[in-house]
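Engineer: Whenever a hint applies, use it, and build me the whole structure from the sequences.
2 protein chains.
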Amino acid sequence: MAETSPLPLFRDQLRVVNLGLPSFADDVRAQGVSVVDPAWAPPAAGDARAVAALHELLSWPEAVRARIRQANQEAARRLVAAQPFAVRVRPAREVVPGMHSKLVLHAGPPVTWERMCGPMRGGVIGALMLEGLASTREQAETLAASGEIEFSPCHHHGSVGPMAGIMTASMPVWVLENRAFGNKAYCTLNEGLGKVLRYGAFSEEVLTRLRWMRDELGPALDQALLARGPLDLRSIVAQALQMGDEGHNRNRAGTSLVLRALGPALVESELPREAVARILRFMDGNDHFFLNLTMPACKSAVDPISDIPFSTVISTMARNGTDFGVRLASLPGRWFTAEASLVDGLYLPGFSAADAARDIGDSVITETAGIGGFAMAAAPAIVRFVGGRASDALRLTSQMYDITIAEHDAYQIPALDFRGTPTGIDVVRVVETGILPVVNTGIAHKEPGVGMVGAGLVKPPVACFRDALVAYVDAHGPRARMGG
Amino acid sequence: MAETSPLPLFRDQLRVVNLGLPSFADDVRAQGVSVVDPAWAPPAAGDARAVAALHELLSWPEAVRARIRQANQEAARRLVAAQPFAVRVRPAREVVPGMHSKLVLHAGPPVTWERMCGPMRGGVIGALMLEGLASTREQAETLAASGEIEFSPCHHHGSVGPMAGIMTASMPVWVLENRAFGNKAYCTLNEGLGKVLRYGAFSEEVLTRLRWMRDELGPALDQALLARGPLDLRSIVAQALQMGDEGHNRNRAGTSLVLRALGPALVESELPREAVARILRFMDGNDHFFLNLTMPACKSAVDPISDIPFSTVISTMARNGTDFGVRLASLPGRWFTAEASLVDGLYLPGFSAADAARDIGDSVITETAGIGGFAMAAAPAIVRFVGGRASDALRLTSQMYDITIAEHDAYQIPALDFRGTPTGIDVVRVVETGILPVVNTGIAHKEPGVGMVGAGLVKPPVACFRDALVAYVDAHGPRARMGG
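Listed in order, the protein sequences are those of chains A and B.
Numbering follows our numbering, with no gaps: position 245 of the first sequence is 245.
For any residue, its number in our numbering is found by taking its place in the second sequence, counting from 1, and adding 1000.
Treat the hints as calculated values from the structure; they're not laboratory data.
Predicted, not measured: the structure shown is a model, and the values here were computed from it.
Careful: at least some of the hints might be erroneous.
Restraint-style ranges between C-beta atoms, simulated for each label pair [as the list claims (entries may be wrong)]:
| no. | chain 1 | residue 1 | chain 2 | residue 2 | range |
| --- | --- | --- | --- | --- | --- |
| 1 | A | L348 | B | R1015 | 49 to 59 angstroms |
| 2 | A | R15 | B | G1350 | 38 to 48 angstroms |
| 3 | A | E205 | B | S1203 | 48 to 58 angstroms |
| 4 | B | D1232 | A | R15 | 14 to 24 angstroms |
| 5 | B | Q1070 | A | E274 | 26 to 36 angstroms |
| 6 | B | V1016 | A | R49 | 47 to 57 angstroms |
| 7 | B | P1230 | A | S235 | 32 to 42 angstroms |
| 8 | B | G1285 | A | G147 | 53 to 63 angstroms |
Covered, in the sense of this in silico footprint (three residues per stretch, anywhere, with C-beta under 8 angstroms from a C-beta of chain A), are these stretches of chain B [unchecked claim]:
| no. | segment |
| --- | --- |
| 9 | 1255–1263 |
| 10 | 1386–1393 |
| 11 | 1404–1417 |
Far from chain B, some chain A residues (derived; all Cβ distances over 12 angstroms) [what the hints assert, rightly or not]:
| no. | residue |
| --- | --- |
| 12 | R49 |
| 13 | E131 |
| 14 | R211 |
| 15 | L257 |
| 16 | A261 |
| 17 | R419 |
| 18 | G449 |
| 19 | A475 |
Ideal Cβ placement from N, Cα and C applies to all residues, glycine included.
Structural biologist: Laid out in structure tokens, this is it:
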């Protein structure tokens, strides 16, 4: 027995810290000894370039590191202070910066027609037909490949788009204003689930719905907003998080609250009663209606941090179905990209992982601004849609506090005793800990023209975070600071 | 040191179970020894009559105890199978069994005008004025005391009413049908918060709103229901529990879903557009609108268990502000009452516990049917309204599984990995464990005419559960079983 050993190590009551294989701890635990397992891993999973960058960062003088902290505090302040209001719904050509009749905006970082994934090509085809620039799929594909059409990321035009994220001149868009900073953001209206343009479908059913949205829904929402006054999205998102939404893949509460807010003004408008009823039914039938408001709300919240020297906070995450891209607050205009991931998810009947396109869409702007996957603990019911157990939702949100710099003061999680959502991703912490931002998302079919096939959780590729950190260290190192 | 002691007790590693004072465990734990504290207490807290009743129950032959289990299984089956639909909104006089022009229904067990609490008297005064039976408070009080008015519990007329629960002939009521069993239930329309009849207010503002509800709101809702078809409340309650409601004091999601469901039909009705807008604004402005649907939904679910011989399940809990009353499935028609409790809650600015009436209202029908306080884990945000921390919501729901006989298959709690809500309270378990049903509730001012002053959690008085158990044992004991 232990107490008979002559060696103190084997005589005293042991309290073990295990840094080795888990099985070591199991053996010790089996003998009734308490064991602590720190979740230790080598920084940056031992990646040499990333470790070197982290090492250099740690060697910088305290004055520089204070400046970084200050820059990140400023980023946190701006993110949390955002006051997004929906003020109008107008055709993109009237309001979106740089929009013209041959411009097609898309989700994610820049991508050419040649490199576009199937669902994004499908969205482009549908949009060119909607705009009357092509009448068949073949004509649209020829035009798209001809060089006559300009492709550009939504993010370069103050905009965001879910999934393929296609926006063209005639589409009605929400106009959001961040009243804390005066900047604006734009997003198309949500079409619902299934066969829709943003998942790459472009059948007549899809185009008919888009024409109705252009001719009836958009103008009606604009009238209602003008009559009622702007929608305070900071308040509505905060309420929706108390009602089981997380603002990315669960938007039933937010959709309800917007319907409640706009309903009376729609009723009092000049619209025919049957049009009002049609609009209310459309909103009621589409629990993702609110997604296209949380996205520009988040875009309007992150744009004020797009140029904060020395900040290590991520100002954009976005995917185009080919690449996942990241931008940093201190490196405006530079995208760091890596191949977009496959989504781990639940599939609609008749589909499987073999049908899935890679991760796509600007909707990861919600996670960038502290909601969506980062607020999953507010929305345990979402696991029915994206897979997993309710406890996963709590665990994933809790992890995100390890890679963020702030807790949102308005966006709170009841189940965590109203703790603010983890807000503002620090690329240094992501690389150091290897904890990747958690993103929940829809899944598009990989071929153009099919549509949605599922939803799930996705881990962004670690490479673009490492590249961003390396570039940051290069750009802010001693030589750069000396103006060299 | 321990290992030097000659006695095995002091030499071996101890694993202690502490049944004594908690401080014993603390002392042992302070020495690094693991301690288990079973939450043990004497059955029925040592109450002699209750212990005797429990003892007798345990001595009954297995055949009888099997019959009890079978009866309770049947009660569970009926509770969970309920399919409440809202089918119409009609004036009480047309639909509520036994309603007549001199009848005033009230919440809770039977109570005379003389014993009525302040807010219930206030509700009676307002209702008599609304019905044109009195024009002043004094006239109403004289009439109420004259014996000319019949007072009767809502529960005796297939109805339930929140707080004072006053219902008179002209009031519009929801007509619910439990399609699994064909029974009906009725409830007035919710007036909102603050100065309202159900909290004992009866000013002109209150009466004007009630007249509008009678003349415009009630008929409009009826038209919308007829046009749209019945509302499936089983489905809506299930959804609302996924959206942070618990169906008693948090009804924001349910209210939203009902508004979404009825909105289009209201728009398409013959009503003037300004009336439709007024109705939508009223619903949008009153997040408790849905309470008056969850209550009759629950009433319609428990009425089919009001006469199940041998069942120990509670078929009714209700309070009139003077008494808290309980009925058992196997003792139809018998109320077991004890003085209503004071509520532990949060108060509106300017009010305190000194202003509070005792626990009042039929809304505890929600807990009786497995939602409300029993589903608090679905609604952590409710602690902002009733006090406490989010973790309390989880803990309280978890406790309720100890005193219930079933888990609801449709009403599920996301945060508990979709576990069904604890449904069907067994009076034997309540008395044995001393765990009282958790009820969250509004708080009325104790004087007539004031209105709401707060909200909180309340523990029902244990005496009525013990009395019910004693009566049950008397009624089902050997002599009774032999027809003696």
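Engineer: Please go over all the hints and tell whether each is borne out by the structure.
Structural biologist: Verification of the supplied hints:
Judged by the Cβ atoms, the range 49 to 59 angstroms given for L348(A) and R1015(B) holds: they are separated by roughly 52 angstroms. Separated by about 55 angstroms at the C-beta atoms, R15(A) and G1350(B) break the suggested range of 38 to 48 angstroms. Restraint check, E205(A) to S1203(B): a C-beta distance of roughly 56 angstroms satisfies the suggested window 48 to 58 angstroms. Under the hint 14 to 24 angstroms, the C-beta atoms of D1232(B) and R15(A), about 58 angstroms apart, miss the expected range.
Between Q1070(B) and E274(A) the C-beta distance comes to about 55 angstroms, which lies outside the given range of 26 to 36 angstroms. Checked against the hint of 47 to 57 angstroms, the C-beta distance between V1016(B) and R49(A) comes to roughly 54 angstroms, which is consistent with it. For the hinted restraint 32 to 42 angstroms between P1230(B) and S235(A), the CB-CB distance of approximately 34 angstroms keeps it satisfied. Between G1285(B) and G147(A) the CB atoms are about 56 angstroms apart, so this pair conforms to the stated range of 53 to 63 angstroms.
For a cut-off of 8 angstroms, the count of residues in the segment 1255–1263 of chain B with a CB near a CB of chain A stands at 6, and the three-residue condition holds. Coverage of the segment 1386–1393 of chain B by chain A holds. Counting CB-CB distances below 8 angstroms, 3 residues qualify, and the rule asks for three or more. Evaluation of the coverage hint for the segment 1404–1417 of chain B: fulfilled, as 4 residues show C-beta separations to chain A shorter than 8 angstroms, against a requirement of three. With a least CB separation of 41 angstroms from chain B, R49(A) remains clear of the 12 angstroms interface cut-off, as annotated.
The beta carbon of E131(A) is kept farther than 12 angstroms from every beta carbon of chain B, the shortest such distance being approximately 31 angstroms. A cut-off of 12 angstroms between C-beta atoms confirms that R211(A) is not in contact with chain B; the least separation is 22 angstroms. Against the 12 angstroms criterion, L257(A) falls within the reach of chain B, whose nearest CB is about 7 angstroms from its own CB. Its beta-carbon lying about 7 angstroms from the closest one in chain B, A261(A) breaks the requirement of being farther than 12 angstroms from that chain.
For R419(A), the shortest C-beta to C-beta distance to chain B comes to about 9 angstroms, within the 12 angstroms cut-off, and the non-interface label is violated. Separation of G449(A) from chain B is adequate, the least Cβ-Cβ distance of about 32 angstroms exceeding the 12 angstroms criterion. Every Cβ of chain B is farther than 12 angstroms from the Cβ of A475(A); the closest lies at roughly 43 angstroms, confirming the non-interface assignment.
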